[in-house]
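Here the structure of chain A is known, so what remains is to put chain B in place on it, guided by the hints.
Protein chains: 2
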Amino acid sequence: MRCFNFAPGPATLPLEVLEVIRDELFDFRGEGASIMEISHRSPAFAKVIEEAESGIRTLLGVPEGYDVLFMQGGGHQQFSAVPLNLLGTRRKADYIVNGTWSRKASKEAQKFCEVNVAALDDGTRAPRQQELRLDPDAAYVYYCDNETVHGVEFDYVPETGGVPLVADMSSNIMTRPVDVSRFGAIWFGAQKNFGIAGLAIALVRHDLIGRAGPACPVMLDWKTYAQSGSLFNTPPVFAIYVSSLVCRWLLRQGGVKEMQRRSALKSGLLYRTIDESEGFYRTRVQKDSRSRMNVTFALRDESLNEPFLAGALERGLKGVKGHRSVGGMRASLYNAVPQEGVQALADYMKEFARRHG
Amino acid sequence: MRCFNFAPGPATLPLEVLEVIRDELFDFRGEGASIMEISHRSPAFAKVIEEAESGIRTLLGVPEGYDVLFMQGGGHQQFSAVPLNLLGTRRKADYIVNGTWSRKASKEAQKFCEVNVAALDDGTRAPRQQELRLDPDAAYVYYCDNETVHGVEFDYVPETGGVPLVADMSSNIMTRPVDVSRFGAIWFGAQKNFGIAGLAIALVRHDLIGRAGPACPVMLDWKTYAQSGSLFNTPPVFAIYVSSLVCRWLLRQGGVKEMQRRSALKSGLLYRTIDESEGFYRTRVQKDSRSRMNVTFALRDESLNEPFLAGALERGLKGVKGHRSVGGMRASLYNAVPQEGVQALADYMKEFARRHG
Chain A
11 MRCFNFAPGP
21 ATLPLEVLEV
31 IRDELFDFRG
41 EGASIMEISH
51 RSPAFAKVIE
61 EAESGIRTLL
71 GVPEGYDVLF
81 MQGGGHQQFS
91 AVPLNLLGTR
101 RKADYIVNGT
111 WSRKASKEAQ
121 KFCEVNVAAL
131 DDGTRAPRQQ
141 ELRLDPDAAY
151 VYYCDNETVH
161 GVEFDYVPET
171 GGVPLVADMS
181 SNIMTRPVDV
191 SRFGAIWFGA
201 QKNFGIAGLA
211 IALVRHDLIG
221 RAGPACPVML
231 DWKTYAQSGS
241 LFNTPPVFAI
251 YVSSLVCRWL
261 LRQGGVKEMQ
271 RRSALKSGLL
281 YRTIDESEGF
291 YRTRVQKDSR
301 SRMNVTFALR
311 DESLNEPFLA
321 GALERGLKGV
331 KGHRSVGGMR
341 ASLYNAVPQE
351 GVQALADYMK
361 EFARRHG
Chain B
11 MRCFNFAPGP
21 ATLPLEVLEV
31 IRDELFDFRG
41 EGASIMEISH
51 RSPAFAKVIE
61 EAESGIRTLL
71 GVPEGYDVLF
81 MQGGGHQQFS
91 AVPLNLLGTR
101 RKADYIVNGT
111 WSRKASKEAQ
121 KFCEVNVAAL
131 DDGTRAPRQQ
141 ELRLDPDAAY
151 VYYCDNETVH
161 GVEFDYVPET
171 GGVPLVADMS
181 SNIMTRPVDV
191 SRFGAIWFGA
201 QKNFGIAGLA
211 IALVRHDLIG
221 RAGPACPVML
231 DWKTYAQSGS
241 LFNTPPVFAI
251 YVSSLVCRWL
261 LRQGGVKEMQ
271 RRSALKSGLL
281 YRTIDESEGF
291 YRTRVQKDSR
301 SRMNVTFALR
311 DESLNEPFLA
321 GALERGLKGV
331 KGHRSVGGMR
341 ASLYNAVPQE
351 GVQALADYMK
361 EFARRHG
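Top line first, the protein sequences correspond to chains A and B. Residue numbering for the first sequence follows the numbering used here, starting at 11 and increasing by one per position. Residue numbering for the second sequence follows the numbering used here, starting at 11 and increasing by one per position.
It is worth saying that the hints were derived from the structure and are not from the lab. Note that the structure is a prediction, hence the values are computed from the model and not measured. Hints are supplied without guarantee of correctness; some may be wrong.
[To be verified] From the derived model, a few chain B residues whose C-beta atoms are all more than 10 Å from chain A:
(1) R32
(2) L130
(3) S313
[Stated by the list, open to error] The calculated SDA-like cross-link candidates involving lysine to any residue, where the alpha carbons are at most 20 Å apart (straight line), are:
(4) B:K121 <-> A:A225
(5) B:K114 <-> A:H50
(6) B:K117 <-> A:F242
[Unchecked claim] Distance windows between CB atoms, simulated:
(7) B:Q120 <-> A:E169: 38 to 48 Å
(8) B:Q139 <-> A:T68: 51 to 61 Å
(9) B:R292 <-> A:R39: 31 to 41 Å
Glycine is no exception: its CB is placed at the ideal position from the N, C-alpha and C atoms.
So that you can see chain A by itself, here it is in the shape it has in the complex (with noise of 0.2 Å):
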């Protein structure tokens, strides 16, 4: 039986995707193979990867000037691929720190650039505009959009004054509107809210484009994937065909604009639900930084902690412990996680804190 799932990442899909993986498994579309099984290089799959593409630009309104790259090695290589691809001849990179990911993603950075702290948080919050201590020689801004492990989302795009704006939007993307000309570059991993592990899409400003140095690892250069249509070397196939059919999907179900109003809708849920419960659960994110993706809370009593997530296992709601690094509990609601599994799992919550409260 299918649980609900609350996993940060590799995260649950649509019901409707796997049943189109299972109807197509063992002859794709009349090509007597698999997907898997099939030549990157064949009408079958260009079809596959132009439908991603073309989805991912409906979707986000991609204007003209950005490509759209389909790569491998999850966030650390881009972490890498970031300063590689857009230091140029400058030698500093701006990055506002106030997560996980932000905080690793600049600690790769140095070790080709002197990293600026532009703000600096331990999780609780997206540091504000007026913050930001930006240096102008910087050859980039890098933030990201929302950290997974605290729960943190910003709520503005960073004004840059010019220098090309990076975001890491792993986990928020396709979840609302993006002004996507305010961006250098938009990079995320596929596994949460856009298909499976294994996957890496960034749209980069196509200018910002080929500036990698001569010893630039070939898969690391931007430019290796923008000339070739992503199909310089075997992508992933399988991982791009599953993101066509979550583009698909998300086609069908109203696009970003309607994400974004369910994402408001179960987020808002469980953030009542935690402030109503007169302090068993608590969150240690600001109100203006709290994430619609990932949902952090403790419980007062943290005895209780077995003990709610033995009882959220025996309802099938699945992955509500929370990171290792901070504890506590952590739902995860990305796009593919239903209305009614999030009620379930508020109505578990209060049920909870009634009897042991």
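Chain B only, in chain A's frame:
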């Protein structure tokens, strides 16, 4: 309907593997979610990656002092990773260049070191031991054990006099026993004989790990994987799962010795068909270097290429067209290609030659 699939990679999978994928698609072994939807840090996935690793160790008899690393980025990522990890304080590496893949590897290595071409051939043979001009100061000796584009395979393991030997075995891993102890490192993409695109695996002698410099991108440093059991970041979960199923299948079939037997039968049948065609079909590859995996051949009369391919397709024989860089025909005979498929292709070749000879 499923065809006989001679694609060079991504390539055909054992039907039994696809059947397990189907059976476990909605509820992976009682998890209430698909393998694509569960955490890479869950006990359920730990068992999967353990099964893949122990399968590789058993199938290839990997000695104790070797790490098994699960990576992303394809072969080209390893083209960069090999010099970045193995150069240490040295400045030179030996490359045997006898086809498309070894040429590409040597080209990428030139970003990082001086490349000594230890032997050169344009895709007709594997250079012999006595021809190798090895540099005793080389950090390593590199070669590609099976060149898929031209269909050239080594029938021996080069002797390097103590210099670490590195082999790309992407296209012939798991098709014959390998004495891993003779190698510093063996790496292979999964999408031919071991699973699907999006996964590259390396077997590395433990003392060779940890030599990468401080500016090595984190996901190119083999140490990143060795120290974390390949769980430093989210790995390509589904691709590793498929490889674990391929391990199961290989073990049930009788392991790599049985695959060696079948490969000899399958490729022998096609080469005999070519040799006995009185020049209607021919291959450029010398007899001692003929690939058991990729049988390349041309029709004497090239104007028959299109009718030959069309007729093959009518009989459900797919993927027989040669690589775009060399033309002609290529039948890839990876482990999952059944004997009856090869028999059907040989029968068709004979019939076609009779009709047009």
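Structure-based check of each hint:
1. R32 of chain B, annotated as away from the interface, has a beta carbon of chain A within 10 Å; the closest lies near 5 Å.
2. Every Cβ of chain A is farther than 10 Å from the Cβ of L130 of chain B; the closest lies at roughly 22 Å, confirming the non-interface assignment.
3. No Cβ of chain A approaches the Cβ of S313 of chain B within 10 Å, the least distance being about 24 Å, so the stated non-interface status holds.
4. Taken as a hint, the K121 of chain B and A225 of chain A pair is honoured in the structure, with Cα atoms around 5 Å apart against an allowance of 20 Å.
5. Note on K114 of chain B and H50 of chain A: the hinted pairing holds, with a Cα-Cα distance of about 19 Å set against a maximum of 20 Å.
6. Taking the CA atoms of K117 of chain B and F242 of chain A, the gap is near 15 Å; set against the 20 Å cutoff, the hint holds.
7. Between Q120 of chain B and E169 of chain A the Cβ separation comes to about 43 Å, which falls inside the hinted range of 38 to 48 Å.
8. Judged by the Cβ atoms, the range 51 to 61 Å given for Q139 of chain B and T68 of chain A holds: they are separated by roughly 57 Å.
9. In this structure, R292 of chain B and R39 of chain A meet the distance hint of 31 to 41 Å, their C-beta atoms being roughly 36 Å apart.
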